[in-house]
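Chain L is already provided as a structure; the job is to place chain Z on it using the hints.
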Amino acid sequence: MKEIIELIKKDFLLEIRQKYALNAILLYVVSTVFVVQLSFGRVIDETGWIALFWIILLFAAFNAVSKSFVQEHAARRLYYFTIAAPVSIVLSKIIYNSLLMVSLGFLSLALYVLFLGMPDFNAWLFYPSFVLGCIGVASALTMVSAIASSAGNNAALMAVLGFPVVIPMLLLVINSFKLSLNENILLLQVIKSLTSLLLIDAVVVILAVILFPYLWRK
Amino acid sequence: MIKGIWWKVAGLLLILYSIIYGILVEVPVLPVIHQTIRNLFFHVPMWFAMFIMLGTSLVYSIKYLSSLKLKDDLIAAQAVNTGLFFGLLGLMTGMIWAKFTWGDFWTNDPQLNGAAVSVMAYLAYSILRGSIDEKALRARVSAVYNIFAFMLLVIFLGILPRLADSSLHPGKGGNSSTMGDLDPTMRMVFYPAAIGWILIAFWILDIRKRKRILELQQQP
Chain L
-19 MKEIIELIKK DFLLEIRQKY ALNAILLYVV STVFVVQLSF GRVIDETGWI ALFWIILLFA
41 AFNAVSKSFV QEHAARRLYY FTIAAPVSIV LSKIIYNSLL MVSLGFLSLA LYVLFLGMPD
101 FNAWLFYPSF VLGCIGVASA LTMVSAIASS AGNNAALMAV LGFPVVIPML LLVINSFKLS
161 LNENILLLQV IKSLTSLLLI DAVVVILAVI LFPYLWRK
Chain Z
10 MIKGIWWKVA GLLLILYSII YGILVEVPVL PVIHQTIRNL FFHVPMWFAM FIMLGTSLVY
70 SIKYLSSLKL KDDLIAAQAV NTGLFFGLLG LMTGMIWAKF TWGDFWTNDP QLNGAAVSVM
130 AYLAYSILRG SIDEKALRAR VSAVYNIFAF MLLVIFLGIL PRLADSSLHP GKGGNSSTMG
190 DLDPTMRMVF YPAAIGWILI AFWILDIRKR KRILELQQQP
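Protein sequence lines, in the order shown, are assigned to chains L and Z.
The numbering of the first sequence is the working numbering, which starts it at -19 and goes up by one.
The numbering of the second sequence is the working numbering, which starts it at 10 and goes up by one.
Treat each hint with caution, since some may be false.
Claimed, not checked - When the alpha-carbon atoms are kept at most 25 Å apart in a straight line, the in silico SDA-like pairs for lysine to any residue are as follows:
| hint | chain 1 | residue 1 | chain 2 | residue 2 |
| --- | --- | --- | --- | --- |
| 1 | L | 158 | Z | 17 |
| 2 | L | 158 | Z | 163 |
| 3 | L | 47 | Z | 132 |
| 4 | L | 158 | L | 187 |
| 5 | L | 172 | L | 82 |
| 6 | Z | 144 | Z | 81 |
| 7 | L | 172 | Z | 163 |
| 8 | Z | 72 | L | 197 |
| 9 | Z | 80 | L | 197 |
| 10 | L | 158 | Z | 122 |
| 11 | L | 158 | Z | 121 |
| 12 | Z | 108 | Z | 40 |
| 13 | L | 158 | Z | 30 |
| 14 | L | -11 | L | 187 |
| 15 | L | 47 | L | 187 |
| 16 | Z | 144 | L | 139 |
| 17 | Z | 144 | L | 194 |
| 18 | Z | 12 | Z | 215 |
| 19 | Z | 17 | Z | 144 |
| 20 | Z | 144 | L | 196 |
| 21 | L | 47 | Z | 129 |
| 22 | Z | 80 | L | 194 |
| 23 | L | 172 | Z | 117 |
| 24 | L | -10 | L | 3 |
| 25 | Z | 144 | Z | 220 |
| 26 | Z | 80 | L | 193 |
| 27 | Z | 72 | L | 82 |
| 28 | L | 47 | Z | 138 |
| 29 | Z | 80 | Z | 94 |
| 30 | L | 172 | L | 30 |
| 31 | Z | 80 | Z | 164 |
| 32 | Z | 78 | L | 66 |
| 33 | L | 172 | Z | 120 |
| 34 | Z | 17 | Z | 122 |
| 35 | Z | 144 | L | 187 |
| 36 | L | 172 | Z | 144 |
Said to hold, decoys possible - With beta-carbon atoms standing in for the labels, derived distance ranges:
| hint | chain 1 | residue 1 | chain 2 | residue 2 | range |
| --- | --- | --- | --- | --- | --- |
| 37 | Z | 129 | L | 158 | 30 to 36 Å |
| 38 | L | 178 | Z | 19 | 33 to 39 Å |
| 39 | L | 10 | Z | 109 | 46 to 52 Å |
For the record, the hints were derived by calculation from the structure and aren't laboratory data.
Beta carbons: idealized from backbone N, C-alpha and C, even for Gly.
This is chain L alone, in the form it adopts within the complex:
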């Protein structure tokens, strides 16, 4: 447990020292949101709002998460290998990337709402499913990034491997966003869509914990 916290601290420090990476992603979000605003104006239908928001966030996630394993040099990997257990490494990466993704998501949401306005969502379904979706995408991409970095850090490989894995989560989140547009939704529907998101997140994390040790030893 202490190991995990130390590793998260290390990732956080690295991020602060290399501010350009985070700033680049933020600038990317700002510019795409601005382009969307230029081409659609303020008036946009709800489905389009949801779709564009997740497309922007998905590419931001690819940029933010893909460097989590790619940035580590071979020598540094060997060093981690000697001092930390693989399970704590992958858990720390997943927790760190989820935190990054959730904060990035809320920042993008604020910008997006500023430029394009906010449809009438049901907050009780919208925010929890948003957070769960961010966590799911971040943890799945963390695992894919580990796989891609074992295969030699190919950027195209990351996209090719990542999309099929992320699509299930994305579809669930978009469905629950659409559901939260509904004015009179039942409590049962809210619970159903939130539990399915929670389930898929749990599956991803459990798989990562089981499978990562096989990737790590070399």
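The following block gives chain Z in isolation, referenced to the frame of chain L:
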């Protein structure tokens, strides 16, 4: 792999039976589908065979991670290739069927999206294998991806279409279940066809595996 020739002959006979009897059998007259319902004997078994092949690949990937024998990895890879072949056949038969009943080759249907995504995921698996040269590393990384992708896709294909409200496929959303109200005479053709295609899939896998092993032996 099972020894002997009997299961290969059985697979061939079952498919032959399903082709001949599937065209002769009396089918229930339904609106819109009419006689195209006979495609059920060919379209659905393709997906069954694909799933069995991908499941075999999953089993061998898990086996590889615990045994680290390269032969298990070879079977896993060939099972994915065979599964992809059946997946593409399933997509093609489905598209032709869709054109004649729903009026379009591709419709926005949860089942279709699931099929497309799973074919994409396994094409990505082949690309991943191609991008690594070292055999042991390739085997390990692709086994990990195989397990990861299979689990997520099983959730995606098995649970999501059932949650979706609108699907053109039977058994999902508002439609009735596929197997529950399938005509008994059609079941007499459908089940043998499914078993036959699965046996043929295993035969193809067997041949591919043996060919690959021979190729590896010829390399110095």
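Evaluated hints:
no.	hint	result
1	158/L / 17/Z	violated, 50 Å
2	158/L / 163/Z	holds, 24 Å
3	47/L / 132/Z	holds, 24 Å
4	158/L / 187/L	violated, 29 Å
5	172/L / 82/L	holds, 22 Å
6	144/Z / 81/Z	holds, 12 Å
7	172/L / 163/Z	holds, 18 Å
8	72/Z / 197/L	holds, 17 Å
9	80/Z / 197/L	holds, 20 Å
10	158/L / 122/Z	holds, 18 Å
11	158/L / 121/Z	holds, 20 Å
12	108/Z / 40/Z	holds, 15 Å
13	158/L / 30/Z	violated, 47 Å
14	-11/L / 187/L	holds, 24 Å
15	47/L / 187/L	holds, 21 Å
16	144/Z / 139/L	holds, 23 Å
17	144/Z / 194/L	holds, 15 Å
18	12/Z / 215/Z	holds, 11 Å
19	17/Z / 144/Z	violated, 32 Å
20	144/Z / 196/L	holds, 16 Å
21	47/L / 129/Z	holds, 24 Å
22	80/Z / 194/L	holds, 18 Å
23	172/L / 117/Z	holds, 23 Å
24	-10/L / 3/L	holds, 19 Å
25	144/Z / 220/Z	holds, 18 Å
26	80/Z / 193/L	holds, 21 Å
27	72/Z / 82/L	violated, 37 Å
28	47/L / 138/Z	holds, 21 Å
29	80/Z / 94/Z	holds, 21 Å
30	172/L / 30/L	holds, 20 Å
31	80/Z / 164/Z	violated, 29 Å
32	78/Z / 66/L	holds, 23 Å
33	172/L / 120/Z	holds, 20 Å
34	17/Z / 122/Z	violated, 33 Å
35	144/Z / 187/L	holds, 24 Å
36	172/L / 144/Z	violated, 44 Å
37	129/Z / 158/L: 30 to 36 Å	violated, 23 Å
38	178/L / 19/Z: 33 to 39 Å	violated, 45 Å
39	10/L / 109/Z: 46 to 52 Å	holds, 49 Å
Hint violations for this structure: numbers 1, 4, 13, 19, 27, 31, 34, 36, 37 and 38, all remaining hints satisfied.
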